[in-house]
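The listed protein sequences derive, respectively, from chains W and Z. Our numbering puts the first residue of the first sequence at 9, with every later residue one more than the last. Our numbering puts the first residue of the second sequence at 16, with every later residue one more than the last.
Keep in mind the hints are simulated off the structure, nothing from the lab. The reader is advised that the hints may include incorrect statements.
25 Å max Cα-Cα, derived SDA-like pairs, lysine to any residue [as the list claims (entries may be wrong)]:
no.: 1; chain 1: Z; residue 1: Lys81; chain 2: W; residue 2: Ser50
no.: 2; chain 1: Z; residue 1: Lys81; chain 2: W; residue 2: Thr48
no.: 3; chain 1: Z; residue 1: Lys217; chain 2: W; residue 2: Val58
no.: 4; chain 1: Z; residue 1: Lys81; chain 2: W; residue 2: Ser45
no.: 5; chain 1: Z; residue 1: Lys145; chain 2: W; residue 2: Tyr47
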Amino acid sequence: MTSLIKNTALLSINAILVATLLWQHDVEWSQAWSSASDYTLSVDCVEPTVVAFVPSLSYSISSPGTQRNYSLAANNLVISSDITNAINSDTAPSISGMAASGNHVTFHHRGPLVKIGGVQCSSSTSASFAVYGDGADDTQFNLAMETSGSNSWQASNQVDNRVAGNAAVIFGAGGLISSAAINDGSDADTIVNGEIAFGGTQGAATYDLFNSIQLMGTNTTNHSETLTYVFTVQ
Amino acid sequence: MSLQFNKSIRQFAKLMVYIFSGLCLVMLAIPTIQEGSAAEDFIELTVSTRCDPQSQIVNPTSIDIKVAFGSSASGPTALATMNTYGEITSESTSTHPYWENPNKGWVSFVFDGPPISANYYCQQDWGEKKVHLSYEPSENVKLYLTTNNMPSSNELDVSDIDTRSTVRLAPPGNDDIRYSAGKGSVNPYGLQVAIPIYGQGKGHTVLQNNFM
Chain W
9 MTSLIKNTAL LSINAILVAT LLWQHDVEWS QAWSSASDYT LSVDCVEPTV VAFVPSLSYS
69 ISSPGTQRNY SLAANNLVIS SDITNAINSD TAPSISGMAA SGNHVTFHHR GPLVKIGGVQ
129 CSSSTSASFA VYGDGADDTQ FNLAMETSGS NSWQASNQVD NRVAGNAAVI FGAGGLISSA
189 AINDGSDADT IVNGEIAFGG TQGAATYDLF NSIQLMGTNT TNHSETLTYV FTVQ
Chain Z
16 MSLQFNKSIR QFAKLMVYIF SGLCLVMLAI PTIQEGSAAE DFIELTVSTR CDPQSQIVNP
76 TSIDIKVAFG SSASGPTALA TMNTYGEITS ESTSTHPYWE NPNKGWVSFV FDGPPISANY
136 YCQQDWGEKK VHLSYEPSEN VKLYLTTNNM PSSNELDVSD IDTRSTVRLA PPGNDDIRYS
196 AGKGSVNPYG LQVAIPIYGQ GKGHTVLQNN FM
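The whole structure should be built from the sequences, with the hints applied where relevant.
Structural data, given as structure tokens:
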């Protein structure tokens, strides 16, 4: 009788052990299907070199007339423009506003697209823009920058007679065009891309380039001016 | 006659009770008899097999991405290199058309997803396996899953490093245990990394592979 009780007790203990094992087995099963592993991802940006891009412009002015002293009336002249090293696929600007002013003929066009690049990975999102000449002012060929949409030559806005240290601020504090800086995202390309472009036909940051050229004689003459564009990242 | 028959029945039943009781006593006594009268001994060798389902994960411990920006007359350029397992495993270039993706002011790079794999042991179900990718919220990094080389809008979950965007795990060949995904596997995927353009050059996050 004692053995019967003993065997019954052992059987019960075994049953409890088996149940416990089965329960543990279920836990391990669920754990096996939700295993996870962590790893890190790091991004490091190499600071790029800041660089400026500007195109070159040229004009061809001719008169269809043959007389020696032809009229400076605008309708007697044919003016075309060409652009090289265009920025962001910019095209040659169309000439407009041809007019006679004394012994000069004046005309203007939208300022070409220019830009400063390589400001990614920095805290800078804006720039100012100033211009000065090459120190050898050709008085027969003058250039001025003015607010886009202006219609007349303003001698006070002439830029090619400026020298380094006395640059004409176009965009920026006290500038000819705007007191505001040029901001990435609201610039000519309208994209936040680490490049600050302005001019051309897009965006709010456009300007006009005015030309005043003195025409003399019938011989072919060439005049050139070199402008230095100064971008200051802010 | 009837009385005689009933008596026989009772005697037979009594006999059966005696026999049953005797058998019970013998059965209870057997262990005692055996223990007490063992003529030989033996060693019982038991081999028990216990195969708990489990998975063993293999993935990179770290991924380093280096971004080099540049500019040209026609637009901005960028080259990003992904470094895993101590070597450059993937390169990605980003140019103007996708510069704004996924958000304005961010630039995306699409890489071949790094190889991840898992060995599944002792499982009864050999069906399709999946791994959920997620990452910790980060100010300067966003991660997306892609199935081609184009930027995606399928951003990984950032609310909790636990679940969401899924990558299929496919067994290479007829391997019933080893499942893998990513570069060099039968089931590649794309990992798109986006960083802010003015992000001060540094970004860091923690990815998690959650195998299901």
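Does the alpha-carbon distance linking Lys81(Z) and Ser45(W) stay inside the 25 Å limit?
holds, 24 Å
Hey, Lys81(Z) versus Ser50(W), does the alpha-carbon distance stay inside 25 Å?
holds, 8 Å
Against the 25 Å threshold, does the CA-CA distance of Lys81(Z) and Thr48(W) hold or violate the hint?
Status holds; Cα separation ~14 Å.
Straight-line alpha-carbon gap Lys145(Z) to Tyr47(W), limit 25 Å
Roughly 18 Å separates the two Cα atoms, so the pair holds.
Within a Cα-Cα threshold of 25 Å, do Lys217(Z) and Val58(W) meet the stated pairing?
holds, 19 Å
Consistency with the previously given hints is maintained throughout, with no hint failing.
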